[in-house]
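Peer 1: Those sequence lines, one after another, are chains H and F.
Each residue of the first sequence is one higher than the last, beginning at 1 in the numbering used here.
Each residue of the second sequence is one higher than the last, beginning at 1001 in the numbering used here.
One or more hints might be untrue.
Unchecked claim - Pairs of lysine to aspartate or glutamate, EDC-like flavour, derived with a Cα cap of 20 Å: (1) F/Lys1243 <-> H/Asp515; (2) F/Lys1042 <-> H/Asp285; (3) H/Lys86 <-> F/Glu1040; (4) H/Lys451 <-> H/Glu565; (5) H/Lys513 <-> F/Glu1201; (6) F/Lys1347 <-> F/Glu1294.
Think of the hints as simulated: they come from the structure by calculation, not from any bench.
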Amino acid sequence: MSVDSHPDTVESLTPVEKKRSQREFLSLGWSHLITCFWFAVMFFYFGNVHIFYSDIWGHVSYGDWIMANQSLPQYDPFLSLAQGVKCIDAAWLSQILFAKVNAGFGVRGLSHIFALTVFTTHVLFWFAFYLKSGRVGVSTLASFLLVLIASSRIAIIRPEIFGTLCVAILLVIMAWSEKYDTLKSGLLSADDPDGPQKQGQKAPVALLFSLYLGLPLVFLAWANLHGSFVVGLAILGLQFLGRVIEVGWKTRSFVQTCTDKWVRRWLVVTELSVCGALLNPYHIDLFINSLTFPRNPNLKDILEWEPLEFRDAEGIWFSLAWILMLILYRHSRERIRVADVLRVGLLSLAVIVGVRMIGWFSVVFVYAMVPHLTNVLPRMGQENQGLASGLPQKISFWAKKSPVITAFCALILWFGFAFSNITTPLFGGTPRDIDKVYSEGTPRKLTEFLKGHPPQGQVWNPQWWGDWLVWDGPPAMNVFMTTNAVHLSPPRVWKDYLGIARASRGWQSVAQKYDVSTFVVDKQKQARLDAGVRRLKGFNVVYEDDLSLVVSREPKLISAAKQKESQQEIKATESENEVQP
Amino acid sequence: MQTKTPFQKKLRVAGFLAFHILLVSAAVGWGAVRFHSWEEQKKLPQLRLNPLTVTPLYDQPKIVSDEDLARILYRLRPQFRGNSPQINYVDHALRFWGIEATFEDPQCISGVEMRDILLDHRRFGQVWGDKTKPLLVHNRYGIRPRVQEGLATSSHEDHTLATLAEVGTPVDYPVVTSKGETTLAAMIQQTLSSFSLNQLEYEWSTLVFALYLESPHDWMTSEGQFVNFDLIADRIMRQQPTKGVCYGNHRLHALVMLLRVDDQTPVLTKEGRKKVTQYLQNITRLLVETQSEEGFWDKNWDGSKLELSSEKSFTPRARRILATGHAMEWWALAPEEVLPPAETLQKAGHWLVSTIKEIPESEIKNSYTFLSHAGRALALWRGKFPFQVDLSQQGE
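Turn these sequences into a full structure, and let the hints guide you.
Peer 2: Given below as structure tokens:
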């Protein structure tokens, strides 16, 4: 185990590169082309992601509420059944941001803010990997790996995207500092050939600013944007702990460990970051809330909070990631950093407990693997060349560079940029059809109907539509459940909600307990309940489309439905009469 | 110099460590203090030693005469001496007759004996035998009576406790379980701890809280929800009128009790009280409209179509006694502003009297629980608790 594991040059220099001419300066290689293609695809893809119908609308509604009331909600403002359950709004700043963007640019603005944030995040991840590896191709491969492992979690617009952006900034600064994060001369092993060089390396002022001022500011923003800031603090804290263990192991001296420059730096930076995170409306309560949040009993029934299933997509990717890690550790000559081991271990446990953490795992996993990929991949090529020993050395296919490739890179980047929906306002093209901005399952026709005929009593609705109903439905509609407030709902209400959703035995009397006067049913996902509500005594079908069904016992809704039915009948008769000769 | 430098270095390290340990300790300490205050919020509210009492407000001989009242009450005396008295009969009888009740009839058990069966496992064992599961059981929150698990258990959630509250049992009253002795406070704390605003039956729990809680402040349920009597009243008023146990009448009784407790110690806000009063006035209006010519109400007292498909166990007479007796009971305790016209009350009272007079003994035995509400209602309309009515002439 070593404390000095980082290559001190950004790009390894081959003899060919040393003779670089003006032409070669403008030449890019295949790895650059693939990287450009990768970024173009990401830019295009993120710009085309549909806005999912669930919790984003709850966040926008919260943002609107906060701005209208000029205060943070003490209880969930939209779920009367959660009245009295105190709410810590960990994402209040994201919610205001979403609400402001929506107010200014509409739903397309939300789509753009998502695309830009997530794309920037992935560019930053790539940059962090590049700082660690010094290789474009490896960084792109790492970026691809990250997206692959976290594939189930990257296309959802929610405050977590700002948390991921913050972790990307954190990794960039960490990767940068790891270039200087070496032992002092006295502690370097005598046989380390790079010792004298590293001895002279001093952290630049810009890096120190980033560490002592930048990171605390990142955490200040992060703590107000999303509850995932505790993951960031853990990443940072484990950097400190890893350094302590490495120095302690190497020197076997407590005093030397305590006087190590980077041990002290990481400690102070962690402390300053904690201070930054404490600057939020709830102060330390936010920390307690973030740490105790996963214990909420309602989350056990939410898919993304369930433990890892190795048969699911996340489980397969997780297992493959671990296999890759073991292979890389077996073949890599790069030293394994303790901080990386600690981080991968902690986040692996977190994923096993709740599959939702796979996104955070993928970040620390790939970050830890980058140096080993950098070490192993080039040697694989060399070993193949070694088989053909005796032949004159040729430049490998992947090392070739050409201005033609550069031109292709520019073209690909241009295509990715020009064809993305984000750039439509810049080029003045036809904006994306609004129907394509919303995801397919968004019950837009349903809310149109409800706005025309607002239910007065308790409405039972699928939780995944609750936020949309609050956002786009009639004002003050009394919804039963929202995705955004599952954790705020009293467990009994949540269980009763599930009982009705699954049409479990006795669901009718449970609904009676809440005096449900209108049912909104997702026809595709709730076939059993669909059949059940149609048979309910005293209830009539008042609305139906491809997605949704509404049954109600409210006289106003029933009479409206009857009126509509008779109008349709009249129209049908009229059209029949027109057809007849 | 060689020895001095390491010492200085060590001193610097010690200073560095001390500073950071202090800093981290301060943050952890702050977190611990806040976490403790979070936990403090879960603390249960204080209990008063003796529960509040809600006394009858009216004396209306036109509803029931002294003679009729005595006759009715005599017919409804608790003749449960012997083995295996149904526990729901015992707790209904205790609520009906009160702790002070004694009877000359040797077949009858006194109020004290009834309380002992409910709160002393040894006495329960004597009447139900050792093989029967205890009535009082322990769970993670404390002690509770078993509910709806057969004849040796209570019929409604927290009905037993509410009965003990209504008959004035102090919180330090000894309770003997199969595992040892405790006090009634342990049972009240159990129901407070396990209470959920959306549990199926909450009416009797409301009564327990209203009569036993010392302060009207909000408290946190085990579900992390802050509740108060306004919120509980809203919950009670949420359902359709006839939905709930005993055709929704327990909910109305609980609301009346909240108003009466609020008269003694404020438990409702001004708006909360107004909402409850208006709700009860609307219910009264509905009942006045739907009263039958004879004076009774049925399970469809809200004017809806009589739905008998789910009604298997009750005869029409039983249903009507249930609906009419319960309504008369909560009206007897209700403030004047929610009362119906005197004529409505008199018609209902006369129907109850004539019906109970004629009802066969066998039917009394089968319908004792809701007959107990009717009997209590008639006594309350004469400004008395049933034990205060002289029954000495009735046996002759």
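Peer 1: For every hint, state whether the structure bears it out.
Peer 2: Status of the hints after comparison with the structure:
| no. | hint | verdict |
| --- | --- | --- |
| 1 | F/Lys1243 <-> H/Asp515 | 9 Å, holds |
| 2 | F/Lys1042 <-> H/Asp285 | 16 Å, holds |
| 3 | H/Lys86 <-> F/Glu1040 | 14 Å, holds |
| 4 | H/Lys451 <-> H/Glu565 | 18 Å, holds |
| 5 | H/Lys513 <-> F/Glu1201 | 10 Å, holds |
| 6 | F/Lys1347 <-> F/Glu1294 | 7 Å, holds |
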